[in-house]
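Residue numbers (our numbering), protein chains in the order written: chain Z, 147 to 253; chain F, 9 to 124.
Be aware that a few hints might be false.
Okay, the calculated bits of chain Z under chain F, using three or more residues with CB under 8 Å as the criterion [said to hold, decoys possible]:
| id | segment |
| --- | --- |
| 1 | 162-171 |
| 2 | 185-199 |
Computed list of chain F residues with no C-beta within reach of chain Z, every gap over 12 Å [claimed, not checked]:
| id | residue |
| --- | --- |
| 3 | Ala10 |
| 4 | Pro16 |
| 5 | Lys52 |
| 6 | Asp64 |
| 7 | Ser66 |
| 8 | Lys70 |
| 9 | Ile84 |
| 10 | Gly116 |
| 11 | Arg120 |
| 12 | Leu124 |
Some, not all, of what chain F presents toward chain Z, calculated at C-beta under 8 Å [said to hold, decoys possible]:
| id | residue |
| --- | --- |
| 13 | Leu51 |
| 14 | Asn110 |
| 15 | Gly118 |
Just so you know, the hints here were simulated from the structure itself, not pulled from any lab data.
Beta carbons: idealized from backbone N, C-alpha and C, even for Gly.
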Amino acid sequence: RKEVEQDPGPFNVPEGATVAFNCTYSNSASQSFFWYRQDCRKEPKLLMSVYSSGNEDGRFTAQLNRASQYISLLIRDSKLSDSATYLCVVHFNKFYFGSGTKLNVKP
Amino acid sequence: NAGVMQNPRHLVRRRGQEARLRCSPMKGHSHVYWYRQLPEEGLKFMVYLQKENIIDESGMPKERFSAEFPKEGPSILRIQQVVRGDSAAYFCASSPPDGVRNQPQHFGDGTRLSIL
């Protein structure tokens, strides 16, 4: 079983839509959680850390459910520029990356 | 620029040659990770190093690949006798020392390796 699992998508949504991604992790002792964004042929960039109480950054909301071992990312009012691959990352002794969820925002 | 520095950005080698990829971590970071990404695929973990120490090399191919992070200087990913299948983007990331919780990795721009 993979350490981190994500739906690969693609998620095709119109501009202005709300979209949510989930990610599950296998190690209940995992300590830190992050969402990264990767544009085509570029390096991954940190989008936001995920805190136990949930956190929000503008149109982006991240939540952690330790009991069910999943984290989520909600994007409101999608923009064309949100089109990218979103990577779920979990840390326990080292960083474990999901394979990414592809988002396409259409005009 | 205090970010993670990788060089070269692009590297072209002929089959059988050696490729050396360099990574200087962010200031204050003592942990370095190397990842490989084939076209249209996800990031694949290769190796995790601290200064003078390989912590986890479970993602490294058994032959031709090696990595080091010396006391002085950048981390080096070395690929000997390259083959066409080594063509990929190689990303380096760094993170602070253990015990600093909720600190993410930061990535360099990557090295695009092309094998002719």
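How the hints compare with the structure:
Closer than 8 Å: that is the beta-carbon criterion, and the segment 162-171 of chain Z has 0 residues meeting it against chain F, so the requirement of 3 is violated. Restraint check on the segment 185-199 of chain Z versus chain F: 8 residues with Cβ-Cβ distances below 8 Å, three needed, restraint holds. No beta-carbon of chain Z comes within 12 Å of the beta-carbon of Ala10/F; the shortest separation is about 15 Å. Remark: the non-interface label on Pro16/F is consistent with the geometry, its nearest Cβ contact in chain Z lying 15 Å away (cut-off 12 Å).
Remark: the non-interface label on Lys52/F conflicts with the geometry, its nearest Cβ contact in chain Z lying 9 Å away (cut-off 12 Å). Non-interface call for Asp64/F relative to chain Z: violated, since the shortest CB-CB distance, roughly 6 Å, does not exceed 12 Å. Its beta-carbon lying about 10 Å from the closest one in chain Z, Ser66/F breaks the requirement of being farther than 12 Å from that chain. Once the 12 Å rule is applied to beta carbons, Lys70/F is consistent with being away from chain Z; the minimum gap is 20 Å.
The claim that Ile84/F lies off the interface holds: its Cβ sits roughly 19 Å from the closest Cβ of chain Z, which is beyond the 12 Å cut-off. Taking the minimum C-beta to C-beta distance to chain Z, about 6 Å, the non-interface status of Gly116/F is violated against the 12 Å cut. Some Cβ of chain Z comes within 12 Å of the Cβ of Arg120/F; the nearest lies about 8 Å off, and the non-interface call is violated. Under the 12 Å C-beta cut-off, the non-interface status given to Leu124/F relative to chain Z holds; the minimum distance is some 20 Å.
Hint on Leu51/F holds. Least Cβ distance to chain Z is approximately 5 Å, under the 8 Å limit. The beta carbon of Asn110/F comes within 5 Å of a beta carbon in chain Z, closer than 8 Å, and the hint placing it at the interface holds. Taken as an interface hint, Gly118/F checks out: its beta carbon lies about 5 Å from the nearest beta carbon of chain Z, inside 8 Å.
Hint check: violations occur at hints 1, 5, 6, 7, 10, 11; the rest are consistent with the structure.
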